[in-house]
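Here the protein sequences line up with chains A and B, keeping their order.
Numbering-wise, the numbering used here puts 51 at position 51 of the first sequence, and it's gapless, one number per residue.
Just so we're on the same page, the numbering used here is the position in the second sequence counted from 1, plus 1000.
Read the hints as simulated data drawn from the structure, not as lab findings.
Treat the hints with care, since some could be wrong.
[Stated by the list, open to error] List time: in silico DSS-like cross-link candidates among lysine-lysine, alpha-carbon distance up to 25 Å:
1. B/Lys1537 x A/Lys63
2. B/Lys1294 x B/Lys1331
3. B/Lys1409 x B/Lys1537
4. A/Lys49 x B/Lys1294
5. A/Lys110 x A/Lys84
6. A/Lys124 x B/Lys1331
7. A/Lys63 x B/Lys1559
8. A/Lys124 x A/Lys92
9. A/Lys51 x A/Lys124
10. B/Lys1294 x A/Lys63
11. B/Lys1048 x B/Lys1746
12. B/Lys1559 x A/Lys11
13. B/Lys1331 x A/Lys51
14. B/Lys1559 x B/Lys1331
15. A/Lys86 x B/Lys1936
16. A/Lys51 x A/Lys63
17. A/Lys63 x B/Lys1827
18. B/Lys1936 x B/Lys1869
19. A/Lys103 x A/Lys63
20. A/Lys84 x B/Lys1409
21. A/Lys92 x B/Lys1897
22. B/Lys1294 x B/Lys1239
23. A/Lys63 x B/Lys1453
24. B/Lys1409 x B/Lys1360
25. B/Lys1827 x B/Lys1733
26. A/Lys92 x B/Lys1537
27. B/Lys1827 x A/Lys92
28. B/Lys1733 x A/Lys84
29. B/Lys1869 x A/Lys49
30. B/Lys1827 x B/Lys1047
[To be verified] Listed below are several chain B residues computed to face chain A (Cβ distance under 7 Å; list not exhaustive):
31. Asp1230
32. Thr1322
33. Arg1328
34. Pro1947
Computed from a predicted model, the values in this text were never measured in an experiment.
Yeah, the Cβ is synthetic: ideal placement off N, Cα and C, and Gly gets one too.
Chain by chain, the residues run as shown.
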Amino acid sequence: MAYPDTLKYTKDHEWIDLSGDNGKVGITDYAQQQLGDVVYVELPEVGAKLKQGQSFGTIESVKAVSELYSPVTGEVVEVNGALKDKPEAVNKDPHASWMVVIKLTNPSEKSGLLDAAQYEALTK
Amino acid sequence: MRSDFEQFQSRHIGPDRDERDAMLKVVGASSLGALIDEAVPARIRLKKPLDLPDGESEYHFLRELRETASRNQIFRSFIGLGYSDCITPSVILRNVLENPGWYTPYTPYQAEIAQGRLESLLNFQTMVRDLTGMEVANASLLDEATAAAEAMTMLARVHGKKVDGIGGAPQFLVSDSCFAQTLDLLHSRAEPLGIEIVLMPNELLDSVEFGERVFGALVQTPDNGGRVLDLRAFIARAKNAGVLVAVGSDLLALTLLTPPGEIGADIVYGNSQRFGVPLGYGGPHAAFFATLEKHVRQAPGRIIGVSVDSQGNTAYRMALQTREQHIRREKATSNICTAQALLANIAGLYAVYHGPQGLKRIATRVHAYARLLTRELARLGFRQLNDVYFDTPRFEVPGGVQAVGQIVKAAQELRINLGYRMDNTIHVALDETVDESDILALLQVFAAGAAVKTVAFDRSTDTLAPAFPSGLARTSPFLLHPVFNTHHSETQMMRYIRGLERKDIGLDTSMIPLGSCTMKLNAASEMLPITWPGFGKLHPFAPVDQAQGYQQIFREIEKTLCEITGFAAASLQPNSGAQGEYAGLLVIRAYLKDRGQSSRNIVLIPSSAHGTNPASAVMAGMHVVIVASTSEGNIDVADLKAKAVEHRDRLAALMVTYPSTHGVFEESIQDICAIIHEHGGQVYMDGANMNAQVGLTSPATIGADVCHINLHKTFSIPHGGGGPGMGPIGVAKHLAPYLPGHPIIKTGGDHAIPAISAAPWGSSSILLISYAYMKMLGGDGMTDATRYAILNANYLKSRLEPYFPVLYTRENGRVAHEMIFDLRPLKQVSGIDETDVAKRLMDYGFHAPTVSFPVAGTIMVEPTESEAKDELDRFCEAMIAIRGEIQSVIDGKADPKDNVLKNAPHTAGMVTSDDWSHAYSREQAAFPLPFVRASKHWPSVGRIDNPYGDRNLMCACPPVAEYA
C-alpha cells in the first residue's frame, strides 16, 4: 500500500492528516501489518490534553498490544467511536481509519513530522 | 536390603535400558553420563549425589502413607471462614477429579483440542455470573483472598486518576469483618503499590465518609461471623461519591440472597469450594471473580469466550489474552497465569448436576438447620447475635470465658471444631453435610457451658422456611440455561462428562511436548491419596495438633526441597509459580528494608524472561530494567554489568531462569550472579526449569539467593487443564526469617512478610502428589529423571535437526531439557507459519509444542523423561511428515492457501462431507501416517477464528440455537 503524500508521519508509525490547526490521527499500514488482526482500540475522552509523543491510547491485536503516541501537542477534540465496534477497519483501510482529532497548541511541531517518502524509507 | 517389589523409577521414566542405548547412539554419546557431562557445564555440577533416601515401591509408599494419614484427626468442622465441608458427587469424583482425562491436560491454549474443558469452564463462568448477578465472570483465580487483592488492584486500574494520588496515597476502604486471611493479603498487596488500606467497622458502613482519595471499597457478606449485610445504602452512597465497590460473597448463600450484582457492585468474588471440592487442608479450590462488561479488559485471570471455527460453527477459546503477562509483561493486569481449572470444572459440574432447584434445595436445607440450631440453643440460654444469617449463626456465651472453656473441652471430646472468636462469642458454620446428629452433638457441646443443662430436643422444622427481610431475599431466577437443567440423573451426567472429556487431548492420549511446561507423568499412585478422607476432610484452620500427618509431610517436603535447591529454608504457601515469584521478591524487599536499603527497588530482567517475571516485579513495587540477550540467546553479560553498575545504589535483584528459557545451560551463570551480588543485589532464580537441575546442579550452586519451584512441572502435580499449581520458594539462610506468615495459623520466619495465600500451606492436598514423587523416586530416581529428560530432549534434537533448525544450543551442540525449533526461514519461503504447524499436529493426534515463546515464529519442544522412545519416534515421524507437507507448498505441488496445513485441523465432519473441494485427499487430511489410523483423535472443531472471538466478546454459555 502506498503512503499518501497528503499525510504526515512519525517514527512511531502514526499518521496525521493536518487541516489548519486540527489533525486527524491514525496508524500506518506498516503498523497494522506488524500488529495483525486488530481486535480493540482504546481511545481517550474528548478534552484530553496531550504532549507530543505521549500515549493517547492502546491498540490490541490477538497477539500484541501497542501504545498509540500523539504526533503533536494539543487537545483531543473528536474521537472516532465507530472503531469500538469495527476495530478491523484499522486493518482494512489504515489510512482512512482515524482515531482522534487533535487541536494543535504548538503548530511549530508540524515541521518535524515525516513526509511519505521519509516514512517509507523508515519501514524498509 | 531393598524391597523386591517393582521400583517406581522404571514406571516413571519412559525409556528402558535398550531404548536408552539406542537413543545414545543417535545422539552420538558413549553413555548417559557422558551426555550429561556435555550438556551441563562442569563448574556448576554438584560435587556429590543428593543426600536423600532411596525410592520406595508404590505399594510400600501407599501403605506407609495410610499410616501418616491416620495421624490427621478429622474433627467435624464448623469453623467456616471461607471453607465449608461439602459432598463431592461420586459421578464427579470418579469421572473428573480421579480421571486423567480431566487432570492431565494443559491450559487450553490449543483450543481445537480442548473444547470439552472450555465448555465446562464456560459453564462455570455462566454459573458465577448468574449467582452473583454480574455480567461477566472469569475462569477462576487461585484463592479467595487473592481474588480480593486482585479486586483491589483492578478497581485502582479502573478508577485510574485517583491512583496517581491527590495529596497523598490513594485509599481503599475495607470492612473490618472480612476474613482475616483476606485482610492480610490486602495489606500485603497494597503496601508495595502505595495504596493505603482504611478499615471501616461494619456497624458504621452507612455513615462512612468517602474522602477524595478513596477510589474503592471492599465489603464481605456474609461476613466472617456469618452476618448477612444489607449493602444497598452503602453501595448507592459509594457510587454517588464515584467510589467503586467489590463484594466478597458465598455462592450457596446467593441462591437465596439478593446477589450483589443487583445492587450495584462492580466486582463480586469468593470461593467456589463448597460446590463439591474437598477441603483438602486449604486447597486447591477455585476462587470466583465476576465483574461488569465495561470493566472486563481490566479483569485479572483467564476468561473463556465464544467464537466460530473455520466451518462457521460455535467454538470456545480463551479470550482477551492480550491482558495476560506473556503479552503485556510489566503492564499486565496481574501476574497470575495459573487458574484453578480442574476445581472450577468440578464446581461448574456440581451446578450442572444439581441445577438451580437442587442448589436452592441444598441452601434451604442448610439454612433450616442453622435456624433449628438457633432455636434450640436459645432454649439453652444462648442468644444468637447476627440479625440476618444464612448458614452461620453466632452465639453469645452468657457464662463468659469460663463457659467458653467448658464448651471447648466438650467440643474436643466430641471431635468438633467451632468458630471461637476473640470476643468470647462462638460462630457455628453449617454446611451441606449437616444432619440431625450434628445438631444434637452441638447442643450437647453448648450444654456444657450453659446454665440450663438439658432440654428436650424439638426436631420440628415446620416453621423454618427461609424468611429473609425483603430486599435481602433473592427474587431473580438463575441458571436458566439448558445445560443446568438437563443432566440430573447419574447416567446423563456420566455421559455429559465423558462427552466433554473425549474432545480433549491429555496425557492419556499422547505426549504433550510443551516447552517450559514439563508435561511429565502424573502417576496414579501419586494421585490416589488426594481424595482419601484422611487428607481431604481437614479444614485449613483446624488446630495444628489435629494435622500431624500433614505436618510431617510438609517438613519432609521442605527438607527435600532444601537438599535439592541447596537452600536453608522453604515456604510451601505460594499457590503458583507467579505467586512464588511475588513472594520471593517481597522476601528480598523485606530483607533489604531491614538493612536500611529500602531505596533498592530495581530488578534486572533478561529480555528472554517469562512474562510473569516483570509482572511480579511491578506488583512487588519494583522497577524493571531489561537486560539484552546475545545472538546466541544467552544473557548479554556486558549489558548486565553495565546496568548493574549504573543502578548499583538502587539494585534490588536479578530475576533469572536457569537453564535459560532458551533451553540452554549458560556457562556464565555464576559470573552473572557474582556481578549482581557485587553491586548489592539479590539473585532470584525462576525455577520453571528446575527439572533440568535436580541432582545435577542447584540454585545455590549457581549463586541464587531465592527461587520458586513449580511443583506442577518438576514434581509431577498435574496441570489440571489449566491449574492447580504450586510454587513454593526456597531461600538462603539470610532470607529465611522473612518467609511468609499467616494471620490465623503460624507459619514462616521471625520477621515474616504477610500471607501470600489464603491458606497457611497453600494447596495442601496436592503437596501429597509431589511428596509421593519424592518418596517413590528417591534421590537417585529424581536425578535419573533429570538425566533422562536431557537424553530425551537431545534425542529429539538429533532426529529433527536435519528438518528444522534448532535456535540455541551449547557450543558443543547440546541442549538442556528442551529446545526451540525455528520455523521463520520456512515461513519466508512457504507462507506456512508456526500456527499452521501447531494445528496440523492435531491431525496427527498430538498437542502442539509451545508456540512463539520465548521467540516469536518458533516452537519449543520439551519431551520430559516420562516418554518412551516409541512415542518420541511417533512425534518425530509426524514432524518430519509435516516438513514434507511444507516442502510440497515450497515446490508448488500444493496450493499456498488451500493445503493440509492451512486447513488444519480437519474434523470428522470436514473429511466425511459430501462436499470436498480440496486438491489433497481426505486420507491425507485425516490419516497422514499409518500410526494415526490405529488411534485417531478427531479434533471436535475446525480452526478457531481468534479475532472474531475478541471482537465479539461473549463469555457465557451461548443460546441453544447456536449449537445447531
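TODO: Enumerate the violated hints, using their earlier numbering and listing them in ascending order.
DONE: 1, 5, 6, 7, 9, 11, 12, 14, 15, 16, 19, 20, 23, 24, 25, 26, 28, 29, 30, 31
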